[in-house]
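**Student:** Each chain, written out:
Protein chains: 4
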Amino acid sequence: MLGIGVLGCGRIGAMHAANIAAHAKARVTAVYDINHAAAQAVSAITGAPVMASASEVFASPDVDAVLIATATDTHADLLEQAIAAGKPVLCEKPIDLSLTRVDRCAAAIAHTSLPVQIGFVRRFDPGHKAVFEAVHNGSIGKLHQLIITSRDPGFPPQAYLEKSGGILRDMTIHDFDMARYILGEEPARVFAVGSRLAAPTLMNVLDDEDTITVVMTTHSGKQVILMNSREATYGYDQRVEAFGSLGMAVSENRRSHHMVLSGSSFTGQAAPLLNFFIERYREAFDAEIDAFVDTVENGSPVAVSYHDGRQALVLAEAALKSLQEGRIVDVSEIG
Amino acid sequence: MLGIGVLGCGRIGAMHAANIAAHAKARVTAVYDINHAAAQAVSAITGAPVMASASEVFASPDVDAVLIATATDTHADLLEQAIAAGKPVLCEKPIDLSLTRVDRCAAAIAHTSLPVQIGFVRRFDPGHKAVFEAVHNGSIGKLHQLIITSRDPGFPPQAYLEKSGGILRDMTIHDFDMARYILGEEPARVFAVGSRLAAPTLMNVLDDEDTITVVMTTHSGKQVILMNSREATYGYDQRVEAFGSLGMAVSENRRSHHMVLSGSSFTGQAAPLLNFFIERYREAFDAEIDAFVDTVENGSPVAVSYHDGRQALVLAEAALKSLQEGRIVDVSEIG
Amino acid sequence: MLGIGVLGCGRIGAMHAANIAAHAKARVTAVYDINHAAAQAVSAITGAPVMASASEVFASPDVDAVLIATATDTHADLLEQAIAAGKPVLCEKPIDLSLTRVDRCAAAIAHTSLPVQIGFVRRFDPGHKAVFEAVHNGSIGKLHQLIITSRDPGFPPQAYLEKSGGILRDMTIHDFDMARYILGEEPARVFAVGSRLAAPTLMNVLDDEDTITVVMTTHSGKQVILMNSREATYGYDQRVEAFGSLGMAVSENRRSHHMVLSGSSFTGQAAPLLNFFIERYREAFDAEIDAFVDTVENGSPVAVSYHDGRQALVLAEAALKSLQEGRIVDVSEIG
Amino acid sequence: MLGIGVLGCGRIGAMHAANIAAHAKARVTAVYDINHAAAQAVSAITGAPVMASASEVFASPDVDAVLIATATDTHADLLEQAIAAGKPVLCEKPIDLSLTRVDRCAAAIAHTSLPVQIGFVRRFDPGHKAVFEAVHNGSIGKLHQLIITSRDPGFPPQAYLEKSGGILRDMTIHDFDMARYILGEEPARVFAVGSRLAAPTLMNVLDDEDTITVVMTTHSGKQVILMNSREATYGYDQRVEAFGSLGMAVSENRRSHHMVLSGSSFTGQAAPLLNFFIERYREAFDAEIDAFVDTVENGSPVAVSYHDGRQALVLAEAALKSLQEGRIVDVSEIG
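Chains as they are written, first to last, in UniProt numbering: chain A, 1 to 335; chain B, 1 to 335; chain C, 1 to 335; chain D, 1 to 335.
None of these hints come from the bench; they were simulated from the model.
In this text the structure is predicted, and so the values were computed from the model without any measurement.
Treat the hints with care, as some may be off.
A pair holds if it fits inside one copy or across any two, identical chains being indistinguishable in the list.
Claimed, not checked - Below are the DMTMM-like pairs computed for lysine to aspartate or glutamate, each with C-alpha atoms no more than 25 Å apart in a straight line: (1) Lys163 - Glu325; (2) Lys142 - Asp207; (3) Lys25 - Glu279; (4) Lys142 - Asp208; (5) Lys142 - Glu231; (6) Lys321 - Glu333; (7) Lys25 - Asp286; (8) Lys163 - Glu231; (9) Lys321 - Asp103; (10) Lys321 - Asp170; (11) Lys25 - Glu283; (12) Lys25 - Glu297; (13) Lys93 - Asp103.
Use the sequences and the hints to build the structure in full.
**Tutor:** What follows is the structure, given as structure tokens:
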């Protein structure tokens, strides 16, 4: 039974805490949030004690590992502290919005052999994972094109957007990771276009985009297409299509059930798409905890490494540069 | 927090216990099974104490209500004892294989106002429920035909079959209940045919059928068709189709994901049907507990009544008589 | 180039004539209808001369074979005359509404070796045919249950209904044939229920049913379920499901295209079901002519025999008797 | 009855001739091909006389209009001659591989009011057209992203590839036209990547690509993504997805039927994708002729104009430049 200290008790942290509490091989042994009420709410559900500080969490003998789900700009500090305290870490993405900070943190923890897993949860989705497997077991032959569609049901709060680092760093970053996961090869060149179509006024205020297309190529010529929108009225659109020399594997959207209603002027699905990520990636969040427990307890390889966390950010930076300079960017320009 | 005592810690009981343990408004406060090891296993997961007898469960002050998931032939006795002890009951189906016993139990508990809910879990399935709603909110107009397909992925153990009361009482009974749930009207006449096609030798030994079709009609002329098989190689096939004057509502099968693989000789779903009832009706089992807690704590109407439990058995008896006598049976012949 | 004389230039006859005219190996060489204007319209499209009588068609040296698409009560007479004149026949279903007349016609043409093909067009539908093949090539193992759904988009004109012989003889008859085609075995027992739900007043006037369920069993225990309605608001519903020991084959409905529209409150097919039989079974009508030409020109076996035409009628009679007498009818009771 | 002279009796010309012959309002009145045998074969099917030269076709009083389906490098010459002879023209795409030649031809026919329709047949596909309508009738609100997938089942003959002008001019050109059709706005900037993945050796010989991704943006910020492959083992993949402020419209692939086969290790479509363009776009080829007849006979607007033919080529040129120079190309750079 792995004792996990949960740092950050907002929406994501609370969800993780509940998953850990329900997990057969893990339990929550400490919770902390700068918002004491949030920590108490999670404590009430999990039975874990509220700690007065992150340090107290790291110091607790009941805490075998920590989950970092605090505000993004605290991730790297807490990660360094956790490693210094000898605790394995499961850290929500992104590690940091600054590649410099990410690399400084990497240097600070370079000596450790403690597992650090980054929270790219979509790798654990059964459908996306099945695409990964179809690519890697030869079912579709050699991969030629990889198309990832991610559209959110609606805009997050403006306060979030102001700190998110922009759509490429906060939203497309999932797709950069998914692309690397499935490709088995690093993207070499990146091209991005962004538009302000769904909420142009807000986007102008934030100097951000709400509609994104990214094209990446690898040295071997594989083509990757990522398409994002901040707002899809029909729900949370999450698809992955891998096209190869022997076939195609497509992870389609999911619904809570499949009741089809037919009438004189329609034939349609009665259930909307699973909405939002907590529902859509429910099994994936569970599997993410499974993988972390398995790594800490059994030494199985880290499922999503610190390097993976860094590389997704590198691609986001490359895409941002492409968008700003209106040209193709070589990933090697970034780092 | 409703304290529930779990009687019976076999596959179904253990699943219910885990669901209750994970439920926000309920917890397991006692477990009992004639097989002590089974009770201990459930105790280990839920933290609830193992009791030495059912009586001890009924007597516990921590037990606000009980869930009966023991062998079928003990249901009625335990139900009577629970009511006598003042405990609300959630009882797995069927109440009993004998209609006489069911009616004797009904008489024994006639005086009580304590809630008794019968475990026809499929009523809580989101897809089937959506069909129910389409029928009752007028989306498909007046119901004309109702078609229910239930095929199990494979035969249960022979030991189970020997005591199950036959396919009509143990398997079709779910469909009799589903039919009544959606119809909003009692079937009046029943016609059944049975065949021994999947495992004829075993069926001859048991004098049972493995393939069933039942047709029922109501006084208003609605037609109901139930189709069953003990063995479907492609998985657990669970569909409901309601056809009416303004349209059709179909609850289709479900899969764990929707990865579609296309190659030179195939285009297919990579994931099989959700298999078996614990996976397929996962949300339904949760919702069943929700409904029970809501009834006990808030006095909301019983979702599946004792009468519902009885009437499904009446239809099973009528179908059995039809099958044995090779004729249409009027439900009033049964009781 | 097979010269075909077309008898009957109503909706079906005109459609057949156009198909024959467009066929690479056949042409229309004579047309006849008691309604001269109808014959002229078909003549204008096909370029074939209008004949003054059926006899004139049979006598024409340009007529190598005839297609009978006249009113049902003239089929048997014309069929006998065509055979007497030495012409192969493709005769629309049903041969006649009276089994006695069918058998008298059979006797009258018993001596001939000329091909007579009956117009059960659905056997030629690519999807239904694929189910047939899945059953007969072993893909689904041994057949256990066969479920056929046929619902018309709306009622035919009352004038048609008054002469059609009732729903079992005019509509279900297609399903009786489809069942025999796929089963590869004769149904032995028939049970039918009928209801007056879609247009009860009209049904009472006609003493007919608008909603039908038929269950049939074979000597080996295979179960067949046929479901009909005269009116489905969502269109022409044509499905066949074969369930067997190794799997299931389902011929689903078809649409003119697959544009799926998703919005905030719907996800649905933009195109309705192909409507009505001329569109839905377009390829099948072509393939039916192919088969007939192939039989006449190359001596390949008759695709749908006179016996097939008779047996579908026998099953309709059995179902009608079941419905009238409220009991299971043994097919041997009919003939 | 419009008399059409068919120039070019290869695969496409012969198909068009058969469609015209079967058309209610048109007929083939002359055929010509430099390959006399090809012309004779089409003559045999349509009954139209074989002409000794294109000039003879233009001179025939029975020829009201002409269809040009000859080799691409003869299109512009024949088009000019047809207009000079006073004949309306339906010309297969592309007008010419050289934009200079296209513009010279435009100048040569600038004076005429005779209709000239270019053969971008996909605009007439029922599914793609339904996407167009969803975009233009407001069903999906304002268009944000348009994604077009076109993958051929296999490589054309090398002889064809040597003369085709490369994948962007011969294959992607359909998608450039589809994009313009649906957008209702001209693309302003083009970015393309090409890879040699399916047949690298052949592609190196031809200095061509077999795998293409093109991204285009309009002045208003709409994003267009085109994806091509010369070889998809699973068949002819033809999809269009329009994503907008109020929803999404997707034209999915089509099959000849929908028989779904389920077994212990698969659930799949038994029919492959409709293959190849003659089958997939059968209704579209018919509707293209309809539109042309309607324009010539009733003066309805030209469905696909000469300008449309030119602009698709402009986008192909822009994409080629992008691919060659590794940069975003402004469409105004081309012409």
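**Student:** Against each hint, give a clear statement of whether it holds in the structure.
**Tutor:** Now for the hints, and whether the structure bears them out:
no.	hint	in the structure
1	Lys163 - Glu325	within (23 Å within a copy, 37 Å between copies)
2	Lys142 - Asp207	between (39 Å within a copy, 22 Å between copies)
3	Lys25 - Glu279	both (22 Å within a copy, 20 Å between copies)
4	Lys142 - Asp208	between (36 Å within a copy, 20 Å between copies)
5	Lys142 - Glu231	between (34 Å within a copy, 12 Å between copies)
6	Lys321 - Glu333	both (10 Å within a copy, 24 Å between copies)
7	Lys25 - Asp286	both (12 Å within a copy, 22 Å between copies)
8	Lys163 - Glu231	within (19 Å within a copy, 45 Å between copies)
9	Lys321 - Asp103	within (19 Å within a copy, 38 Å between copies)
10	Lys321 - Asp170	within (16 Å within a copy, 33 Å between copies)
11	Lys25 - Glu283	both (16 Å within a copy, 23 Å between copies)
12	Lys25 - Glu297	within (10 Å within a copy, 32 Å between copies)
13	Lys93 - Asp103	within (15 Å within a copy, 54 Å between copies)
Comparing the model with each earlier hint shows no violations; every hint is respected.
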